[in-house]
Amino acid sequence: MTGPLRPATLDEAADRLHDPGSMSVETLSTLFAVGAIAIALLVLATVSLRVAATWSAGMRGWWDALVVSAGPIALWLGAAVAVLATAGSLYYSLGAGFEPCELCWYQRIAMYPLSLILVVAAARADRAVGRYAAPIAVVGIALSAYHYLIQQFPDLSAGACSASVPCTAAYVWEFDFVSIPFMAVVSFAAIITALWIDRAHTSAGAQPER
Amino acid sequence: MSTRRKKPQTSPRTTAAAAPRRLPVGPIIGVVVAVVLVVTIVFTFGEDDDAPLEVGSPAITGEALPIFDAAATDASVGMPAPEVTGTDWNGTPVSITDDGRAKILVFLAHWCPVCQDEVPIITSWLSAGLLPEGVDMYTVATAISRVRDNYPPSEWLEREGWEPPVILDDEAGTAAAAFGLPAYPYFVFVKADGTVAGRISGRLEAGTLTALAQSLVEQ
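Heads up: the protein sequence lines correspond to chains D and X, in order. In terms of my numbering, the first sequence is numbered consecutively and its last residue is 210. In terms of my numbering, the second sequence is numbered consecutively and its last residue is 219.
Honestly, the hints are just simulated from the structure, not real lab data. Treat the hints with care, since some could be wrong.
[Said to hold, decoys possible] Chain D side only, calculated, beta carbon under 10 Å to chain X, not exhaustive:
#1 Ala38
#2 Ala57
#3 Gly61
#4 Ile73
#5 Thr86
#6 Leu90
#7 Leu94
#8 Phe98
#9 Pro100
#10 Glu102
#11 Gln152
#12 Phe153
#13 Ser162
#14 Tyr171
#15 Thr202
#16 Ser203
[What the hints assert, rightly or not] Computed footprint of chain D on chain X, listed as stretches where at least three residues anywhere in the stretch have a Cβ under 8 Å from a Cβ of chain D:
#17 73-87
#18 103-114
#19 124-136
#20 145-151
#21 180-192
[What the hints assert, rightly or not] Derived DEER-like restraints, expressed as beta-carbon distance ranges:
#22 Ala142/D - Gly134/X: 46 to 54 Å
#23 Ala45/D - Gly129/X: 41 to 49 Å
#24 Val83/D - Ala70/X: 23 to 31 Å
From the three backbone atoms N, C-alpha and C, an ideal C-beta is built for every residue, glycine too.
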């Protein structure tokens, strides 16, 4: 930074916006936002199916079908979400020049290790990964949810937007509700769902632990 | 003794019950990815990514004020306020100069949710005729960024019915820096003699704004 009101990150972001050879930040943010909405809908559908399965034998059959079909690749799906979330986070800070605020850093501390842990666990078919990955994801989703909340209701945190890196301000705000913390909430929720399906698949006895 | 093997008893129903129902997870994921890409293309098609950033080139004269610290005594009180000349988004010249009139300078960032809450408060305050006679209000739209929420500031302020003259700051925030901005929104109260009466950053309620504006004409 060359001064309190000339953050190098915004200048770099402005330069990149005018680079005709690169996809714009806005286009990629739209892609990430649409992807987050799609994943959120899949997570909600999965949770709804499981809830419905407790009352309906027919829905129980569909839930079992989901576990049988997605169980073998659940860890890979969770790993893919974690890796994409990590890559997106690094793009925004190193590519788009968005300087992470304090809460962003805490969420990164939760997500970045998950991308490595889940890839290794998926490769080794480690069915015990949920014991240590799930708590990390739960902490991450709590941080992301709080961050999203103060973006929606900035009064909860402070009465002003810092000129440096305020957590209350949104670098990305697609479709009037999708921000980076929202994408993080969805990513952590997807990882938790993947671990849940993997555990259900293991409990069904289809894949013994190594 | 007969060792004839018994034919295994199977039936279509038994066979069907043994095979678990499966979902086509792979094709489902493929369809979801395709839908995401198509929706993204639809929403981004025709976006004018090469439009120039809505910023200005304000010219500053005078000594810059120190950065405002609410926790400390404001060292800028009594200092001559810098003068700014620039333009709004229509290219209309706007000048903040020592013209013998008291002023309230409002610094706003389009992406700041507190600023977005503050603008209607000030708009209503102005509509109620609470800006004292002899006091002018000016706006500096600063921290302008295409990639952040609520861009461009022109659409936002026009949508809110904002009436005070607006100077567009440059990408570096030169005008904001000249007045010692620490956070958004930011208010600088200037007396009729051109010296700084006080500064405040953050949310400002109508009652406080009224009191501070009145103090400019009572001095």
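Note to self: Min Cβ distance, Gly61/D to chain X: is it shorter than 10 Å?
What the structure shows: holds (6 Å)
Check: Do three or more residues from the segment 103-114 of chain X put their C-beta atoms closer than 8 Å to C-beta atoms of chain D?
Finding: That given contact holds, which follows from 5 residues of the segment 103-114 of chain X lying within Cβ reach (below 8 Å) of chain D.
Next item on the list: Would you settle whether the hint for Leu94/D is holds or violated, based on the nearest Cβ-Cβ distance to chain X being less than 10 Å?
Entry: The hint is violated - Leu94/D has no Cβ within 10 Å of chain X, the shortest such distance being about 15 Å.
Notebook entry, point to check: Under the criterion of a CB-CB separation shorter than 10 Å, is Ser203/D in contact with chain X as hinted?
Noted result: Violated, because the Cβ-Cβ distance from Ser203/D to chain X comes to roughly 15 Å (cut-off 10 Å).
Check: Between Ala45/D and Gly129/X, is the Cβ distance one that fits in 41 to 49 Å?
Finding: violated (55 Å)
Check: Given Ser162/D was flagged as interface, is its beta-carbon under 10 Å from a beta-carbon of chain X?
Finding: holds (5 Å)
Margin query: Does the closest beta carbon of chain X sit nearer than 10 Å to the beta carbon of Thr202/D?
Written below: violated (16 Å)
Notebook entry, point to check: Quick one, is the Thr86/D hint okay against chain X at 10 Å, beta carbons?
Noted result: violated (19 Å)
Margin query: Does the closest beta carbon of chain X sit nearer than 10 Å to the beta carbon of Leu90/D?
Written below: At about 16 Å, which exceeds the 10 Å cut-off, the nearest Cβ of chain X leaves the hint on Leu90/D violated.
Margin query: Please check whether the segment 145-151 of chain X has three or more residues whose CB lies within less than 8 Å of a CB on chain D.
Written below: holds (count 6)
Next item on the list: Hold the hint about Ile73/D up to the distance rule: shortest CB distance to chain X must be less than 10 Å.
Entry: Since chain X brings a Cβ to about 7 Å from Ile73/D, closer than 10 Å, the hint holds.
Next item on the list: Tell me if Ala38/D is really an interface residue toward chain X, meaning its C-beta lies closer than 10 Å to one of theirs.
Entry: holds (5 Å)
Checked against the numbered hints above, the structure breaks hints 2, 5, 6, 7, 9, 10, 15, 16, 17, 19, 23 and 24 and satisfies the rest.
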